[in-house]
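Read off the chains here:
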Amino acid sequence: MEKQNTVILVFLIVVMLAFIGTGLIADGPGAAVQGFLKLQIQPGRLINDFIAVAGVGGTLINAALAGAVGLIFIIILKIQLSGPTFAAIFTIMGFGFFGKTPLNIIPIIIGVGLAAKFAGKTFREYIIIALFGTALGPLVSLIVFEFGFTGILGIPVGIAGGILTGFLLPAIAVSMLHLHQGYNLYNMGLSCGFFALFVASLVRAAGHQFENIMVWYSGDSVVLFWMVPVLSVSLIIVGLIAGGKKSLKEVLEIQKLPGRLPSDFMDLVSLEGSLINSGLIGLAGFLYVYFVGGDFNGPILGGLLTIMGFGAFGTHLKNSWPIVLGVVLSTLVFGKGLSSPGPLLAALFGTTLAPIAGQFGIVTGITAGFIHLFMVLQTGAWQGGMNLYNNGFAGGLTAALIVAVIQWRNTNKKD
Amino acid sequence: MKRKDFILHLIGEISSYILQGEPMRMVISLHQEEDGMHLAILDDNNHTDEEVVKIEKALNSRKRPELAGYYGAMTGHDLLGSSQLDLLGWQIKFADVGRTDSGIKIDLWLGGKKFESDRFNIPEDV
Numbered sequence: 000m001e002k003q004n005t006v007i008l009v010f011l012i013v014v015m016l017a018f019i020g021t022g023l024i025a026d027g028p029g030a031a032v033q034g035f036l037k038l039q040i041q042p043g044r045l046i047n048d049f050i051a052v053a054g055v056g057g058t059l060i061n062a063a064l065a066g067a068v069g070l071i072f073i074i075i076l077k078i079q080l081s082g083p084t085f086a087a088i089f090t091i092m093g094f095g096f097f098g099k100t101p102l103n104i105i106p107i108i109i110g111v112g113l114a115a116k117f118a119g120k121t122f123r124e125y126i127i128i129a130l131f132g133t134a135l136g137p138l139v140s141l142i143v144f145e146f147g148f149t150g151i152l153g154i155p156v157g158i159a160g161g162i163l164t165g166f167l168l169p170a171i172a173v174s175m176l177h178l179h180q181g182y183n184l185y186n187m188g189l190s191c192g193f194f195a196l197f198v199a200s201l202v203r204a205a206g207h208q209f210e211n212i213m214v215w216y217s218g219d220s221v222v223l224f225w226m227v228p229v230l231s232v233s234l235i236i237v238g239l240i241a242g243g244k245k246s247l248k249e250v251l252e253i254q255k256l257p258g259r260l261p262s263d264f265m266d267l268v269s270l271e272g273s274l275i276n277s278g279l280i281g282l283a284g285f286l287y288v289y290f291v292g293g294d295f296n297g298p299i300l301g302g303l304l305t306i307m308g309f310g311a312f313g314t315h316l317k318n319s320w321p322i323v324l325g326v327v328l329s330t331l332v333f334g335k336g337l338s339s340p341g342p343l344l345a346a347l348f349g350t351t352l353a354p355i356a357g358q359f360g361i362v363t364g365i366t367a368g369f370i371h372l373f374m375v376l377q378t379g380a381w382q383g384g385m386n387l388y389n390n391g392f393a394g395g396l397t398a399a400l401i402v403a404v405i406q407w408r409n410t411n412k413k414d
Numbered sequence: 000m001k002r003k004d005f006i007l008h009l010i011g012e013i014s015s016y017i018l019q020g021e022p023m024r025m026v027i028s029l030h031q032e033e034d035g036m037h038l039a040i041l042d043d044n045n046h047t048d049e050e051v052v053k054i055e056k057a058l059n060s061r062k063r064p065e066l067a068g069y070y071g072a073m074t075g076h077d078l079l080g081s082s083q084l085d086l087l088g089w090q091i092k093f094a095d096v097g098r099t100d101s102g103i104k105i106d107l108w109l110g111g112k113k114f115e116s117d118r119f120n121i122p123e124d125v
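Protein chains in written order, with numbering that gives the first Met the number 0: chain R, 0 to 414; chain V, 0 to 125.
The shape of chain R in the complex, shown without the other chains (with noise of 0.2 Å):
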């Protein structure tokens, strides 16, 4: 356990740094730093993709730091990294590039960390309900940044806002790992668009509207294109390296297991194999995109990070690739674009239901993949815009729908 945390450590650690190194290079250390400042006063709501905001120093930044935060947290609290904790710090460094910056997240952890105290439980039970549930971070900037505070009055009220959410999150998350029983993998997706359909609607209640956000870089970056190859590629080495040709093998054996949470593939099967899981998970997550002619912008290399990140904790190619046909086929029938925003962002995100796939077969993952695309192009709105995981939200729903459906047959169905 020991060689695990530290390679996983040490791995994050150099990514972190190559992320601050390559963002002071590419935009000057000047320019890269007042970027990321302007993303600390940022409105983060769906869509708000950072590059277009801040340009491509600024966001790696605010993204390496994000990430940092989170694996603080993590060390302070001597928790050992494994599939879970290596999927969040991906995940949050992912949403790191559009909407979640290291102030918008704190106050959440905070909330969950009093709700932990008050529950009778330690941090460490609810750290990775506290990691994931920084999905909600926009809540805050949303707060301090659009409800027309005056001076700094938005700042506390942003935080209280913050941690008033954090504190009821845990109730929340656990309730919805019984709906869908485990099968929606970004299950703190489905809690936050839940608690944050509430807030919505209180919002709006109080004739607040929700302007409609469309930040979308479409340029092009070197460094951007480059990202996720290469840091697949060296997912794969540093596996190859610590495990050898049995890690391969390995590999295969993670392919067979169909992903439910809470599946730590570092526990269930190795280190080594879930990392090469992750950098494969990677090249195919950029194959893609590449082929459908998409952007490679923030959102998309959130969403390319946060499957990587979960190629350690339920995602594998076996279990994914019907989710994709399914978002691919749904996307065609309905006359989208494969490349367009909201369709290329289920393909990745949509992997979120892969465990359907992995225990139930390849109709019922073709089926669920379908569903999801049509329910996450408006679960957004629904919301707000205010929870990040808006395609957990729409993979939770679609997946308490299948497993409702599949439990009542097993229940009526004579033996």
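Hint data in this document are derived by calculation from the structure and do not stem from the laboratory.
The calculated EDC-like cross-link candidates involving lysine to aspartate or glutamate, where the alpha carbons are at most 16 Å apart (straight line), are:
hint, chain 1, residue 1, chain 2, residue 2
1, R, K77, R, E1
2, V, K62, R, E1
3, V, K3, V, E32
4, R, K317, R, E249
5, V, K3, V, D34
6, V, K62, R, E124
Sample of chain R residues lacking proximity to chain V, with all beta carbon distances greater than 12 Å (derived):
hint, residue
7, F144
8, L196
9, M213
10, L239
11, L376
Fair warning: this is a prediction, and the values are worked out from it, not measured in the lab.
Beta carbons: idealized from backbone N, C-alpha and C, even for Gly.
Starting from the known structure of chain R, arrange chain V on it as the hints suggest.
Positioned in the frame of chain R, the structure of chain V alone reads:
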């Protein structure tokens, strides 16, 4: 969580696993003390050596407080798919799997630091 609920969920998860094998007999024995408890489950199914090792490994998996506090809530709520013994493994103190004349016996020990598991036992001839 109240102790009664916790026990119910543990029994739900472990019995779900045993019932997947469609045994003709399943016996659950619970012995409680203030600081801990002993839960024993017996069945009359055939289990391969490989399966026994797998059960023992899952039940004695390393303690994962960061997972037990959150995903541990799924214990005993399984309605679909196969049961997940590692959920139990994160929450118990120690597990032992042994063979009986007709099947296996799974012993689960739970408790705090003061809990002395050697005070608990069920007769070998059960």
